[in-house]
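Enquirer: Sequence lines, in order, name chains A and B.
All letters in the first sequence, in the order written, are residues 1 to 401 by our numbering.
All letters in the second sequence, in the order written, are residues 402 to 748 by our numbering.
I should point out that these hints are in silico values taken from the structure, not numbers from a laboratory.
Computed from a prediction, not measured in an experiment: that's the story for all the values here.
For each residue, glycine too, the CB sits at the ideal point set by N, CA and C.
Incorrect hints may have been included.
[As the list claims (entries may be wrong)] Below, in silico cross-link-like pairs of lysine to any residue (SDA-like), each with a Cα-Cα straight-line distance of 25 Å or less: (1) Lys-593(B) with His-566(B); (2) Lys-441(B) with Lys-255(A); (3) Lys-441(B) with Pro-328(A); (4) Lys-441(B) with Asp-326(A); (5) Lys-255(A) with Thr-243(A); (6) Lys-441(B) with Thr-243(A); (7) Lys-441(B) with Asp-45(A); (8) Lys-441(B) with Ala-325(A); (9) Lys-441(B) with Asp-48(A); (10) Lys-561(B) with Ala-628(B); (11) Lys-593(B) with Asp-739(B); (12) Lys-441(B) with Val-42(A); (13) Lys-441(B) with Ser-49(A); (14) Lys-441(B) with Gln-52(A); (15) Lys-441(B) with Met-43(A); (16) Lys-441(B) with Gly-47(A); (17) Lys-561(B) with Gly-715(B); (18) Lys-441(B) with Ser-51(A).
[Said to hold, decoys possible] What follows is a list of derived Cβ distance ranges for each label pair: (19) Val-28(A) with Asp-515(B): 32 to 42 Å; (20) Ser-194(A) with Asp-522(B): 17 to 27 Å; (21) Ala-104(A) with Glu-439(B): 51 to 61 Å; (22) Gly-624(B) with Arg-138(A): 30 to 40 Å; (23) Val-28(A) with Pro-521(B): 36 to 46 Å.
[As the list claims (entries may be wrong)] Derived, one-sided and incomplete: chain B residues facing chain A with beta-carbon distance under 7 Å: (24) Leu-478; (25) Pro-605; (26) Gly-607.
Residue strings, one per chain:
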Amino acid sequence: MSALRRIGVSLFAPVLAVVVALVISSLVMAALQVNPFAVYEVMLDFGDSPSQQVTALVVVLNRAIPLFLAGLAVAIAFRMGLFNIGVEGQYRLATIIAAAVGAAVALPGWLHILLIIVVAMSVGAIWAAIVAVLKVTRGVSEVISSIMLNFIALGLASYLLTGPFRGSEEGASIIATAEIPASGQLGGLNSIFSAIGLASPPRQLYGFLPIAIVVGVVIAVLLNRTRFGFDLKASGLSPSAATASGVDARGMVIKTMLLSGAVAGLIGLPDLLGQTHRYTTDFTAGLGFLGIAVALLGRNKPVGIAFGALLFAFLDRSLVPLQIADYPASVVTIIQGTIVLAVVVANELARRIARRSAERGGAAPAPAPVAGDGGTGPASQAAPPTTPPSGGTDQRQGAQA
Amino acid sequence: MTKAAALLLAGGLALSACASDEEPSGSAGGDGGGSSDELKVGVAYDTGGRGDRSFNDSAIAGVEAAIAEHGGEVRDLSPNSDASNRADLLTQLADEGYNPVIAVGFAYGDIIGDVAEQYPDTTFAIVDSSVAELGQDNLVGLLFAEEQGSFLAGVAAATKTTTDHVGFVGGVETPLIQKFEAGFVAGAQAVKPEIVIDRQYISPAGDFSGFNDPARGQIVAQGMFDAGADVVYHAAGGSGIGVFQAAAASNGRAIGVDSDQYNTVDDPALQAVIMTSMLKRVDNAVQEFLDSFVEGNVQGGEDVVYDLESEGVGLSTTGGFIDDIQDQIDQYRQQIVDGEIEVPTTP
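Same shape as in the complex, but just chain A (with noise of 0.2 Å):
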């Protein structure tokens, strides 16, 4: 298969959804009596003056570095077929132990960085390894054991935030960690702007950028071309062809979710190192669950989840001028909503295509694109028939055995 080729199946999904998404909103703004060129000339409207435009910019990049964050993840963890839906419950208690250590130490400059980093990611880790952990030992599914601990993950936050960590004044109306002190703040990006000749707006583009863009690099790195990525590979496209081949699934599945977590403890901190400098009661929520939309919008690549991250957060923005131009603000929910069914729906098609193109290859056959990549269950369905029906999860308990 050429590399063109495979290129073009890889996009086919997403583009598909996309565009199967743009049609049945614009069916619906129709139905409702909304001209929806009208609407998608305002979501592109970045504003008329350059610093406008520029702020429209960074709002973009900033709401989209935490949702690639989400999305990065969600797939880690995707593609050994294991659904991480805790990502939600792992960044909140990241965020608020490395706000409190962040805020309890002072350390020189990266140094200070490095460790609310640091903080964050083990937090992160620990909180996944728990799911691990009684995946591998109990047999636990990880979609409930995730879940459930998103709950206790909250509570503690909760507890956290109005006991120990508190650091705002009795009284004031937003509950807060202390603030962290400037060596521990990630200033903005903006002299990129003016250095290239563009308007610096107030707004700041986040200085976590160029962290997330080697923490996509390195995990892509990881994946695709380590010996780990493929064991993680292989364990998610087929558990017991992995363990005949001498993969370690219970360590596969510890590792995978201490990685996941670990870049869960990450979703946080451009918000919290870039702009709030505290956890607040109202910080950020939800994030965890945008990240699986995200994730499968890229179908589980770092670029792909990038260009997710982007779209979501372009949507996000134009909510907004949206509702300023007078145009009903649901057609973003709608967009969002039709865009994650469709790309469910695309990705199983596109694994359908390419098994057929690869059946009729014959003499190479390639293997189904991701594993876990959306389709309705990679490692039972793309199991050749001798697998018992028990499913994956019972392969692994019986390799333990």
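Put chain B on the given structure of chain A with help from the hints.
Expert: Chain B alone, transformed into the frame defined by chain A:
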């Protein structure tokens, strides 16, 4: 199969994360279209947006009343589902030339200082958050003495209870809602020192679901009624409807909050249990702010507190359930206004 089910579940969660309950802003533009010195009011809502039949609607009612008097137009914006774009709402309104800009809800308190600094020519007002320490002279805080109104709610509950057992359901355990609790408890104890007061919050601080979860509101209130309470006061926003349902199911009484909830619930069965509502006149506060803006005497950098004396808070009488105890309520009201009773703000 399990994988397919898991994926469906995941998709559902993702979808629900995308979904937001905001109402389209619809035909918000008053389209005054007149001269340039006409009032152009920008409103940024709290989560829930327009149509919440409570806080946000009360604010826009005040704006509309002011526009009816002075002319002009209004543009109202709702935040996204996770309310992460609050700053954008304010800056966009200011960029579009709306002045004054009103932020509804204390959640804007974190960012409004910075925005006001960026737009020195625009006047900002924030409901429910103090601006005294921000030092911005183009920013006004509109605050309410919720504890005073809640004190009267406590008086009404304690006077009406036949079991000497009342309850308080808070939405989210934030300092703002704790003011309601503190006032209610003080009021109830002022009438009957030995009264039993159940107090419970639907969700802890940081989890804002408690303001919009009628099912859990009902469970919490039902627990109180089952334990013997016969009047329950809620400060739980959209979850309050669950409290009314629990009251209706247990032949108990409930006290509403923010707006006159006797008028905002449609169901006659629920109206019958709403003894009174603790009114928080956001509409009055907003209207007064706009009046002073039009007259050009906004006192920037200061908080305006709306209390019992200025009728910013109080009890509603619709339905006539508390007409017979109005004298007692008025006595306590007068004592608070005169400063004889100091109502605590923290429980």
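Enquirer: Against chain A, is Leu-478(B) within 7 Å by beta-carbon distance?
Expert: holds (5 Å)
Enquirer: A range of 36 to 46 Å was offered for this pair. Does it hold for the Cβ distance of Val-28(A) and Pro-521(B)?
Expert: At 42 Å between Cβs, range holds.
Enquirer: Do the beta carbons of Gly-624(B) and Arg-138(A) sit within 30 to 40 Å of each other?
Expert: holds (33 Å)
Enquirer: When you check the alpha-carbon spacing of Lys-441(B) and Asp-326(A), does it fall within 25 Å?
Expert: holds (15 Å)
Enquirer: Lys-593(B) and Asp-739(B) were given as a pair; does the straight-line alpha-carbon distance stay at or below 25 Å?
Expert: holds (22 Å)
Enquirer: Would you check the hint for Lys-255(A) and Thr-243(A), treating anything up to 25 Å between C-alpha atoms as holding?
Expert: holds (15 Å)
Enquirer: Using the Cβ atoms, figure out if Ala-104(A) sits within 51 to 61 Å of Glu-439(B).
Expert: This hint holds: roughly 52 Å between Cβ atoms.
Enquirer: Is it true that the CA of Lys-441(B) sits at most 25 Å from the CA of Pro-328(A)?
Expert: holds (21 Å)
Enquirer: Are the Cα atoms of Lys-441(B) and Ala-325(A) separated by 25 Å or less?
Expert: holds (15 Å)
Enquirer: Is the straight-line distance between the alpha-carbon of Lys-441(B) and that of Asp-45(A) 25 Å or less?
Expert: holds (23 Å)
Enquirer: With the threshold set at 25 Å, check whether the alpha-carbon distance from Lys-441(B) to Gln-52(A) stays at or below it.
Expert: Status holds; Cα separation ~21 Å.
Enquirer: Holds or violated: are the alpha carbons of Lys-441(B) and Gly-47(A) at most 25 Å from each other?
Expert: holds (20 Å)
Going through the hint list in order, the structure does not satisfy hints 2 and 6.
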